[in-house]
Amino acid sequence: MSVLRSLSRLLTWLIPFGILVTLLVVWELWVQLADVPKWQLPAPSAIGKELVSSSSLLWDHTLVTLQEIVIGFMAALIAGLVLAGGIAYSRVLERSVYPIVIASQTVPIIAIAPLLLIWVGYGLTPKIIIVALICFYPIAVNTVDGLKATDPDMVNMLRTLGASRWQVFTKLQIPTALPFMFSGIKIGISVSVIAAVIGEWVGSSEGLGYLITYSQPLFLTARVFAAIFVLSVMGIGLFVLAVVAERMMMPWHFNEKRSNSMRQL
Amino acid sequence: MATETAVKPKIRIESIHKSYFIDGAQQEVLAGVDLVVNAGEFVSIVGPSGCGKSTLLNIIAGLDQPDSGSVELSSERLGELLKTAGERLGQTGYMQQKDLLLPWRSVLDNTILGLELKGLSKKQAREQALEYTEAFGLKGFEHHYPFALSGGMRQRAAFLRTMLMGQDVVLLDEPFGALDALTRIQMQEWLLQLWESLSKTIVLITHDVDEALLLSDRVYLMSARPGRATLVLDVDLPRPRHYDMVTTPDFSTLKAQLMEPLRAQTQTFKFQAIKSVGQAGS
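Quick note, the sequences are listed as chains Y and A, same order. In terms of our numbering, the first sequence opens at residue 1 and continues consecutively. In terms of our numbering, the second sequence opens at residue 266 and continues consecutively.
By construction, these hints were calculated from the structure, which means they are not laboratory data. Glycine included, each C-beta is placed from N, C-alpha and C at the ideal position.
Simulated pairs of lysine to any residue, SDA-like, Cα-Cα distance not exceeding 25 Å:
{"no.": "1", "chain 1": "A", "residue 1": "K465", "chain 2": "A", "residue 2": "E341"}
{"no.": "2", "chain 1": "A", "residue 1": "K348", "chain 2": "Y", "residue 2": "S164"}
{"no.": "3", "chain 1": "A", "residue 1": "K363", "chain 2": "Y", "residue 2": "N156"}
{"no.": "4", "chain 1": "A", "residue 1": "K387", "chain 2": "Y", "residue 2": "T176"}
{"no.": "5", "chain 1": "A", "residue 1": "K387", "chain 2": "Y", "residue 2": "M249"}
{"no.": "6", "chain 1": "Y", "residue 1": "K148", "chain 2": "A", "residue 2": "S371"}
{"no.": "7", "chain 1": "A", "residue 1": "K383", "chain 2": "Y", "residue 2": "V155"}
{"no.": "8", "chain 1": "Y", "residue 1": "K171", "chain 2": "A", "residue 2": "D374"}
One side only, chain Y facing chain A, incomplete, derived with CB under 8 Å:
{"no.": "9", "residue": "D153"}
{"no.": "10", "residue": "M154"}
{"no.": "11", "residue": "G162"}
A partial selection of chain A residues facing chain Y, derived with a Cβ cut-off under 8 Å:
{"no.": "12", "residue": "A326"}
{"no.": "13", "residue": "Q361"}
{"no.": "14", "residue": "K363"}
{"no.": "15", "residue": "M430"}
Make the full structure from the sequences, and use the hints.
What follows is the structure, encoded as structure tokens:
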């Protein structure tokens with residue numbers, strides 16, 4: 001039983017890994033055999049070499065982009081949670097601010113990036129703002145939904161135990177909202193990398209997005225690929241961090257799911 | 266035991282009416298219910314589903330207000346009659362059919378919820394709760410999450426949460442309704458022992474006639490919606506009671522007195538309509 005299970009666990013990792021390796025081999029062979037010029041499409045091996053030879057350059061730009069993402073995301077997280085709490089707690093805020101928050105999503109945030117250059121210049125600040133604006137919405141909206149997803153019977157139970165409005169909020173609404181909040185965080189963190197890169201494209205002198213726009217006209221295609229590779233690794237790493245935080249903060253959630261699926265077996 | 270104290274109404278309900286707006290129409294749920302529960306009594310309310318039993322408990326607990334009529338809850342602790350819903354809220358122990366345990370709290374931390382809301386420190390509250398985990402059959406499971414527990418244990422944990430509040434009136438809304446038959450019998454016997462040792466006033470809602478007779482001093486029978494108390498039956502079986510009693514002749518006599526009007530209510534199906542099932546097309 002346990003051997004079978006660990007085998008099937010191994011398989012769930014092996015299969016996507018195998019597909020990935022196969023794709024890379026096909027890519028490599030195709031570039032080699034068809035003699036595709038390096039500036040058009042570099043082979044995976046060439047990208048690997050570029051990653052090594054330009055590692056210090058890539059590292060410097062990675063730090064810049066990472067900084068934009070982390071600061072922007074944290075700002076979005078704090079603002080999103082505070083606003084979500086306010087909207088869920090106060091009718092007035094829900095009626096007045098929430099519709100604006102939802103409507104604001106129709107404004108293409110990417111399109112205001114050039115304006116930010118005018119207002120706050122070329123530094124890190126406009127990129128941080130773009131990351132924050134893009135991450136804010138999924139975090140805020142999911143958390144609002146979570147705070148409102150409380151079981152009315154649970155609320156009544158707490159009221160008969162003598163709970164105040166504030167106690168219902170802290171003891172029931174906030175824990176109920178956690179899984180929703182983490183969904184928002186995971187969506188936010190996935191798009192934060194895109195947001196930072198686009199922010200850098202619009203105008204900057206550092207960061208991986210800048211490195212891409214700078215290398216492309218020079219036909220340093222391998223470097224463009226190397227930068228893209230680093231960006232995806234960064235995105236995956238940040239997502240994993242979010243998942244780890246989720247599991248640490250809600251151990252009951254995952255045990256419950258597991259025991260439910262076990263019961264079905 | 267309860268009967269030795271002077272008879273003193275703990276809950277007095279006079280002709281309360283309540284209607285709700287359901288499916289676009291005003292529907293009367295309670296149509297003039299009278300109910301008296303004396304201190305230390307165990308009273309059951311039996312009735313078909315949808316007769317407003319839960320609404321009645323919600324009103325006593327202060328979660329809801331009647332449209333008309335009066336409700337009085339006498340509070341020993343406050344030394345006064347609580348007449349408004351706001352005053353009564355938080356002054357009774359109320360337990361529902363669902364255990365409503367918070368999934369993110371351990372069993373122990375679920376049981377101390379009420380004490381915590383009162384402002385006790387977690388440490389103090391846990392110490393208090395730990396004194397009772399054995400009597401409530403939770404020993405060894407204090408630090409488990411609720412999902413790991415059986416239905417009966419979850420219900421007992423919810424029970425302990427209610428009892429730790431120390432209210433002298435306890436309202437139970439079909440607390441064993443979701444349990445399987447054997448666990449339910451176990452829980453009924455356990456509740457009997459608990460009540461006989463605690464001197465609480467209990468109002469139990471159930472649709473299980475055996476359960477009502479076995480546990481109660483008095484049973485109120487409610488009619489289908491709109492609900493009103495159509496029959497009051499004193500249960501003069503000796504105490505302490507035991508589950509074996511359900512097969513005695515005295516018990517059967519009492520049961521017959523309850524079943525007859527109950528069946529008369531629930532059998533008002535339109536048999537004419539049933540006869541024509543499947544014939545509509547022919």
